[in-house]
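On the provided structure of chain Z, position chain G as indicated by the hints.
For the record, the sequence lines run as chains Z and G.
Mapped onto the working numbering, the consecutive letters of the first sequence carry residue numbers 36 to 380.
Mapped onto the working numbering, the consecutive letters of the second sequence carry residue numbers 36 to 380.
No lab work stands behind these hints: they were computed from the structure.
Please read these numbers as outputs of a predicted model, since none were measured by experiment.
Zero decoy hints are in this set.
Among the chain Z residues that face chain G by a calculated CB cut under 10 Å, a handful are:
| id | residue |
| --- | --- |
| 1 | Pro-194 |
| 2 | Thr-341 |
| 3 | Asp-345 |
| 4 | Ile-347 |
| 5 | Asp-349 |
| 6 | Tyr-350 |
| 7 | Thr-377 |
Ideal Cβ positions, reconstructed from N, Cα and C, are used throughout, including at glycine.
2 protein chains.
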Amino acid sequence: MHYKLALIGFGNVARSLAKLLLRKEDLLKQQGITFSFTGISTGSHGFAVNSNGLDVQKAIEFVESGKDISPLNNSQFPIPDSLSVIQHSSADVIFENSPVNTQTGQPALDHIRAALNLGMHAITANKGPVVHGYRELTALAKSKGKQFKFESTVLGGAPVFSVFRESFPLAELSSIKGIFNATTNVILSRMEDGEAYEDSVKYAQSIGLAETDPTNDVDGWDAAIKVAALVTVLWDTPMTPQQVNPTGIRGITSEMIAKAKAEGKRYKLVCSAEKVDGKIIASVSPQLVDSSSPLYGMMNSSTGITFRTDVILDYSIVLSEKPGMKGGPVETAYGLFADFVTIAK
Amino acid sequence: MHYKLALIGFGNVARSLAKLLLRKEDLLKQQGITFSFTGISTGSHGFAVNSNGLDVQKAIEFVESGKDISPLNNSQFPIPDSLSVIQHSSADVIFENSPVNTQTGQPALDHIRAALNLGMHAITANKGPVVHGYRELTALAKSKGKQFKFESTVLGGAPVFSVFRESFPLAELSSIKGIFNATTNVILSRMEDGEAYEDSVKYAQSIGLAETDPTNDVDGWDAAIKVAALVTVLWDTPMTPQQVNPTGIRGITSEMIAKAKAEGKRYKLVCSAEKVDGKIIASVSPQLVDSSSPLYGMMNSSTGITFRTDVILDYSIVLSEKPGMKGGPVETAYGLFADFVTIAK
Chain Z
36 MHYKLALIGF
46 GNVARSLAKL
56 LLRKEDLLKQ
66 QGITFSFTGI
76 STGSHGFAVN
86 SNGLDVQKAI
96 EFVESGKDIS
106 PLNNSQFPIP
116 DSLSVIQHSS
126 ADVIFENSPV
136 NTQTGQPALD
146 HIRAALNLGM
156 HAITANKGPV
166 VHGYRELTAL
176 AKSKGKQFKF
186 ESTVLGGAPV
196 FSVFRESFPL
206 AELSSIKGIF
216 NATTNVILSR
226 MEDGEAYEDS
236 VKYAQSIGLA
246 ETDPTNDVDG
256 WDAAIKVAAL
266 VTVLWDTPMT
276 PQQVNPTGIR
286 GITSEMIAKA
296 KAEGKRYKLV
306 CSAEKVDGKI
316 IASVSPQLVD
326 SSSPLYGMMN
336 SSTGITFRTD
346 VILDYSIVLS
356 EKPGMKGGPV
366 ETAYGLFADF
376 VTIAK
Chain G
36 MHYKLALIGF
46 GNVARSLAKL
56 LLRKEDLLKQ
66 QGITFSFTGI
76 STGSHGFAVN
86 SNGLDVQKAI
96 EFVESGKDIS
106 PLNNSQFPIP
116 DSLSVIQHSS
126 ADVIFENSPV
136 NTQTGQPALD
146 HIRAALNLGM
156 HAITANKGPV
166 VHGYRELTAL
176 AKSKGKQFKF
186 ESTVLGGAPV
196 FSVFRESFPL
206 AELSSIKGIF
216 NATTNVILSR
226 MEDGEAYEDS
236 VKYAQSIGLA
246 ETDPTNDVDG
256 WDAAIKVAAL
266 VTVLWDTPMT
276 PQQVNPTGIR
286 GITSEMIAKA
296 KAEGKRYKLV
306 CSAEKVDGKI
316 IASVSPQLVD
326 SSSPLYGMMN
336 SSTGITFRTD
346 VILDYSIVLS
356 EKPGMKGGPV
366 ETAYGLFADF
376 VTIAK
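Okay, chain Z solo, but in the shape it has when bound:
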């Protein structure tokens, strides 16, 4: 079975995905799965559509050398934006990786809606459309006999949604708890080693983890939208980051961290959600944890989640940082890749 792929958003993650697909091309062929790229939409390097398949290697070269990809476009239609890429790519699957909009989920929401309406599968690493459109998009996909998938939205590409869906049949989820934001975990880890807050933020930015404006991470909004996405999907209960109403780490001083360390404790930006009397109570806030907590050992850019169910006691998934082995875009790309393979199988 051959799949035409469109990449909406062509940043680090999308380019890593393209490279991963090329690296695994033979393995996929052995599974009877072949693919070509028929549309690419970039943020600031133009658009390209070629229903016969375009040279993604060239597109990567162009973008990584700051050039525009429009020379690769051979559509007879004008291609001024992402929606026209989707419309004219004749793709079977789109990968939506435009920038996250916590408040509205746009423009990703419109991109995925358009793709599903055109009978395409939609895969995204973007938390926005999950939080702002999970039920609608899932129903729309179903009505078209297609799938809407988003494995790489929460734990940086590490399997979480599929684990609960495939490996916990008929289990009742009572709570989730974890560390979902790597940037704040790096900052808190370095402050524990005596580094000042500002320097820790600078470090997180220097390794490409924190953005120039770290607000989204340090004030807890990235963690909150992940909590909202998990609640929305795992309990099928719509929740927004605003409802999670996060508390960030700005209030945690070096003194507080030193005092905690002396007592064998650590501050972590703890994400949690619990079902109590049929209602979901969710929160994101800095909390003191001791060595008996699965969260205590998650240092630097490590993240993780603990499921509590009626059948298996605390089951934790931990994506741990290994010195010298940088995950990042490659792992997130694998989440998108895994969604594609699951759809194709």
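Only chain G this time, still in chain Z's reference frame:
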């Protein structure tokens, strides 16, 4: 779809499974899955077959009050053993939970062979047949259009095999590492708190974790057969516990543990397997770990495994002990239950 079930082995785990199935009966019905029990084989309380379905509640009462279950038998054939239960139960699925035999995998191996040959699905919590018959039984099941499943063999019912199978498509596994034996982890945890080895063993026995003869746990054989099962399945490379050739914890003294503790380290019975130049190197031995290791925080009866792949950096699954919340047979039973639901869906 209705499933006739036979329980071969009716100990704690099998009885917990029966109770769990009854507890989830309505949920299963909502999925279009109904069931009845048509055969039960116990170790020392007899056998019962009733193709119209037998009263499993009564069977549980009988066994838990030391009585024989044969009054529940209504077969016109003599039912002197497990094989005749399998043969005359007309079951669709058997749950094989006879005692583990590390050396040969018998009699579980013969039970599962017989069931598959009769066109039944086979589900087991028994590591023996996985280590001694994985390829044969998987091929036999396939040839009959049935399934051979064993989720609860390694991490006490917590999903491991299904996670790797369903959530890591086309990933290359380079290594696994973990703590697979709860008994030795409890012993080492209590020795760290100053308890003598013998008293720690007695404690592990008192909570029903260690057997009267703790050899299988403390000499590393239980851990070794789990390593062998994981290698056999995840890399499709047959391996026996003898090939793992484990080193147990008898050589670890209170003095060594105290010294390690003073240095912020811990002894753990570390299980590992790694693919090096196409060969699998596996081991079970006590090792010093520091707080940077995901294994460091696994105390008491907590167990866990870390996968390293080409696409996702270290991904750990941890089943953590929660004070006052005992897992044990219920969790193992859920692994069997999950295998059943997966087959039925």
